[in-house]
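Given the coordinates of chain A, assemble chains B and C onto it according to the supplied hints.
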Amino acid sequence: MSLFSIDNMSVIFGGLRAVSNVSLALGEGEIHGVIGPNGAGKTSLINAVSGLVPIAGGGIHLDGKPLHTLPPHRRAAAGIGRTFQHAEIFPDQTVIANVMTGGFAHRQSSLLQDFLGTPGKAAAERQARREAEQMLDAFGLLSFCDALAGDLPFGTLKKIDLARALVGRPRVLMLDEPTSGMNDTEAAEVIAACRRIAGEMRVTLLIIEHNMRVIMGLANIIHVLDHGEKIADGTPEEVQRNPLVIEAYLGHGSAAHA
Amino acid sequence: MSDFSLMGVSGRAVIFGAALLLLALALPPFFGSYHHYLASLALINVIMAIGLNILTGNAGQISLCNSSFMAIGAYATTYLSVKLGLSYWLALPAAGVISAISGFLLGFPALRLRGFYLAVVTLGFLEVSQILIEQLPGITGGVRGISSPRPALLGHTLSSDLSFYYVILAITLATLWCAYSLLRSPTGRAFEAIRSSEAAAQTLAVPLAQTKLAAFVISAFFAGIGGGLFASLVGFIDPLEFGVWTSVRHVVFIVVGGLGSITGSVLGALVLTVLPEVLRAFKEYQEFVFGGLLLVVLIVLPHGLVSLGPKIRARLSGGGATKSVIAAQRSAAE
Amino acid sequence: MTTSIVLQLIVAGLSSGSIYALVGLGLMLAFKGTGIVNFAHGELVALGAYAALFFSVVLKLPYWQVFVLTLIFCGFVGVLLERTLIRPLMRAPSFTIVVATLAIGLMIKNVLRLSWQESVSTFPTPFDELSLRVGEISINPNYVWIISCSFAIMGLLALFFRKNLTGKAMQAVSQNTTAARLMGIRVSRIFSLTFAVSSAIAALAGILMGPVVGVESEMGSVILKGFVAAILGGFNSLPGCVVGGLTLGLLETFGGAYFGGTFKAVTAFVLLMFVLLVRPHGIFGRAEARRV
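Chains as they are written, first to last, in the numbering used here: chain A, 6 to 263; chain B, -4 to 329; chain C, 211 to 502.
Because the hints were derived from the structure by calculation, they are not lab data.
Backbone N, C-alpha and C fix where the C-beta goes; we use that ideal spot for every residue, glycine too.
Not one of these hints is a red herring.
Derived EDC-like pairs (lysine to aspartate or glutamate); straight-line CA-CA distance at most 16 Å:
| no. | chain 1 | residue 1 | chain 2 | residue 2 |
| --- | --- | --- | --- | --- |
| 1 | A | K70 | A | D12 |
| 2 | B | K306 | A | D156 |
| 3 | C | K474 | B | E129 |
If you want the ones that stay clear, here's a sample from chain B, every Cβ over 10 Å from chain C, calculated:
| no. | residue |
| --- | --- |
| 4 | F26 |
| 5 | S154 |
| 6 | S158 |
| 7 | L164 |
| 8 | L208 |
| 9 | T258 |
| 10 | L270 |
| 11 | L296 |
Derived CB-CB ranges, DEER-like:
| no. | chain 1 | residue 1 | chain 2 | residue 2 | range |
| --- | --- | --- | --- | --- | --- |
| 12 | B | A165 | C | V267 | 53 to 59 Å |
| 13 | B | S312 | A | T123 | 37 to 43 Å |
| 14 | C | L324 | A | A61 | 57 to 63 Å |
| 15 | C | L324 | B | S312 | 43 to 49 Å |
| 16 | C | S214 | B | L274 | 53 to 59 Å |
| 17 | C | V488 | B | S158 | 50 to 56 Å |
Next comes chain A alone, as it looks inside the complex:
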């Protein structure tokens, strides 16, 4: 039994099947990629896993337990983390506050303690700040600690988004185009980070990517979506040779990024 599975899931938007009977199984510490032409349903897939859009059929399981009955924040608390294509950081907050928000799932102070400002809360806050600083340091962003997130460039925001999601100690982390908008140096940093996250932290990664070079080099298994359906899966080599995959990309006139 795998750690995390998406079972025969479908998502419907206004009559259109954005995702159609898609199944994936992920084990601990594995890196899976999701690729496909534009509009294939990749973001809808992880939006549905997050709980941001309703699932029209099928389900999700973590450790054999169903997640699809839970509201989004409970799924996150259970260990499903994600990043966003457009980073979705909080622009009016400092970088450190953004990242500290990621720790909400395992916060050590109650609402009352937060309100009253007890010593217990102060200690918890110091600890939370230390954790966030460590995470920022790992991404080389410590100097941006107190900068306003809204002032920073897009590539940096994507890294902050990732740091924020990691502070939540997810068991499964879904990344929506983590290297988009980045230069080669930043992309290489993110790739290295992904390897460490999966290898050392044993977090399972599900990565949506358009950059073929990135995902082929990073993922253990690749799933290919087209028009909401899964048309192929397998190792990067298998997928690259798969005629259905080639057809899907060439047929849509969008060349695979080399």
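This is chains B and C only, laid out in the frame that chain A set:
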């Protein structure tokens, strides 16, 4: 010397705050009863502004009925202490709790609403509260109002404005403490998260409903406390005190001061309570001026008075710290 | 309850309901045309009432001239407001729009309050002296006038938006500004026209309301009832808004008669909450993406 930090607040700010506190404690005996009264009023407005700013500025929930919670606090305090004979020092927090419960009740329908719809519902709540005040004269004295005497502390009635001022100051300080603590906590970050991006918030395990409700409850609690203090300070309350104009005034406090900023709440409330008193001759035009001021601030200084400091500093230093940090980073990567 | 009283309640309910529907329509129109929910709309109703008061009592003009002049005047004020204050708000977040329009309303209310010092006033209509009877029952002719005038205007609006080119242009602008521009529609003009019509409708509500409830500075609070009507119409559907307004008017009137003043006063809020929780897109509205 100012390199320390207390609860995340910079050393400089703490020293500044301590200096202000010293002034607030030491100066009043040198002034007259009118000034004590005005200062008390200003502090009560600070409490109101802090509460509203948490709900609207931090948690992003627009509310036009802050005066309703103030009213609930005012009338509850009066009823509990005058009609039921409870000690004021029990009645006041109890009134805060009653107000908080009302905030909870309003919060529920508000969960699914945003923007305009939320504004309309809070406006409706305001209207209903006005009506209930008038229609329950047994509790509220109806349209004619009800008198609310000063409480007694340790046997002495706090009839002097100076003594009551110190009590209100103490409660305001407690409010500031709680607000600062709240904003530098997971709960405070949850508020900001739901304001900035509900989607991201949820994927970070922030429960939308509970967080919004918490914001409504806390905001209403503060408003209730402020209302209870207001009732005893003024000595007499009637429905006119708690209408749309009062709610709008509170909104002006936080917009002019700075949304989401505690300093902004304090600044906006203090300045906009004292200024109208100074310009008492133009009392007729007060509402008009407030309206105009609100518009001007929204256009010219949307982040409020608190943003003036950083803006001036940025102008003077020619570009600001952020850009230089980025420049440093870029050159390090080269 | 005798037939006489029931009939009078119906007429009174339909009359106040028509006012609510008009106010709601004005709100809806401004929103559809400019994306702005105008929290000053109630004060525009008051402006209409005060203007009519001025034309009628100070300038001593006959009712029909008062009527037309007020509509034109308020339409003008609408254009002025739109050009100066509303236009820059169109891209602002909803909080700013709410607070800014509230501020504008506050200023308008105070201008009215300060220029007309008497607390409550009224102005005459040609229907005051009429006596209307249905069998044995006497009906307030002003109510009948309010109902018929409102329906006439609402009918005109319905036709306008279906048949007329400018009406179609307004619809196009409200649905897709860029496409409208590409089609050669003068978007700027449409914004102003929309707001002018919205203000004129508000003024009409004020003209009709004034003689019946009196002209006073708090009249603007009728905006809440207008919101209820508009929300019942999903902020989208003219017939929905009309039905919503009439329903509210009738519920209030009958509720007040049977259950007393408190009931009457909270009806609007209860209805509002009911709709928002049960059927947020209104009776006839479609669940569509809203600029909320």
